[in-house]
Amino acid sequence: MNERELKKSVNNLRHEIEKRERDISHLYHEINIYKKEADELRLKRDQIKESIKIYLEEARLFLNKRDELNKEVAELKKKRKKLGDKIRKLSEEIRNKKIKRDELNKDARGTKEILMESYEEKLKRILEDEIPLRDEIQIFNKIFEIRERLRIVEKADDMHKKISRDYEKIQKLNKNFDNICKKIRSIAEKSQESHERAMQIYHEVDLLRRKSREYHKKLIERYGLMNPLRDRVTLIKSEIGEIRKKLEPLNKELKRIRHEREAKRRERDATKARENLQKRGRISIDDLRVLLERGEISFE
Numbered sequence: 026m027n028e029r030e031l032k033k034s035v036n037n038l039r040h041e042i043e044k045r046e047r048d049i050s051h052l053y054h055e056i057n058i059y060k061k062e063a064d065e066l067r068l069k070r071d072q073i074k075e076s077i078k079i080y081l082e083e084a085r086l087f088l089n090k091r092d093e094l095n096k097e098v099a100e101l102k103k104k105r106k107k108l109g110d111k112i113r114k115l116s117e118e119i120r121n122k123k124i125k126r127d128e129l130n131k132d133a134r135g136t137k138e139i140l141m142e143s144y145e146e147k148l149k150r151i152l153e154d155e156i157p158l159r160d161e162i163q164i165f166n167k168i169f170e171i172r173e174r175l176r177i178v179e180k181a182d183d184m185h186k187k188i189s190r191d192y193e194k195i196q197k198l199n200k201n202f203d204n205i206c207k208k209i210r211s212i213a214e215k216s217q218e219s220h221e222r223a224m225q226i227y228h229e230v231d232l233l234r235r236k237s238r239e240y241h242k243k244l245i246e247r248y249g250l251m252n253p254l255r256d257r258v259t260l261i262k263s264e265i266g267e268i269r270k271k272l273e274p275l276n277k278e279l280k281r282i283r284h285e286r287e288a289k290r291r292e293r294d295a296t297k298a299r300e301n302l303q304k305r306g307r308i309s310i311d312d313l314r315v316l317l318e319r320g321e322i323s324f325e
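In the numbering used here, the protein residues as written are 26 to 325.
Treat the hints with care, as some may be off.
[Unchecked claim] Subject to a maximum C-alpha distance of 27 Å in a straight line, what follows is the list of computed DSSO-like cross-link-like pairs (lysine-lysine):
id, residue 1, residue 2
1, K111, K90
2, K103, K114
3, K131, K106
4, K180, K147
5, K125, K187
6, K194, K122
7, K187, K106
8, K215, K106
9, K187, K137
10, K167, K149
Since the hints were derived computationally from the structure, they do not count as laboratory data.
Based on the sequences and whatever the hints tell you, model everything.
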């Protein structure tokens, strides 16, 4: 190819490179837009993930508190059960004692006051009144019977006192039982509050995870948009590399032609300068420079 054809080919190839470089610039502009969006989405996603970690730690503390409170409730329930067993056992003992007391009262057939009054009355008759022997024997028998009934009344009274003492015990036990029940309810309420708070946090975490997945999905979409563009940039760069390979020998050839042309020009200038020197005995500054550059004259 001659110089004109070479220049045309070189210009065409350079135009192809410039066109592709503009395409790359446009592609990078699009990529940067998507990259900025991707960075914002990634930041939001990661911020949510950090928030989730904090929320989960808070929920864990609430659950630990709930479990500790539940342990307290379990221990109190054990105590309450023991108290309940004691109360039931003592109640059964009271019931049996009341049955025994009622049987004794039934056998005594009267209160202590009535029996004592009857006893004293009959004893007075024996001591003070003149009565027939037969009546006296009957009165003595009656006195002995009353004395036996008084012993039964005393047993009934003793049983009643035991029942009263047992009632006092059971009242104290019931009071302790009620106090434990109140504590259980109070702690159970706090446990439930901790549980509900943890569940609320887990609900918030679910919402945050959903939002995080949405951001992640959009982030993947941006990558899906960027990756083909990056692949296109890589392809165009490869094309530019191939064009540069084609351009390199053409540039070398153009450079060679220009060097040859420049060498011929310098030779013509030198010939002209020598002729001027021979004809005139003097030369111009331009001719002097030409001869000096070629080393044909020297001031040494």
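Structure versus earlier hints, numbers of those that do not hold, lowest first:
Result: hints 1, 3 break, sorted rising.
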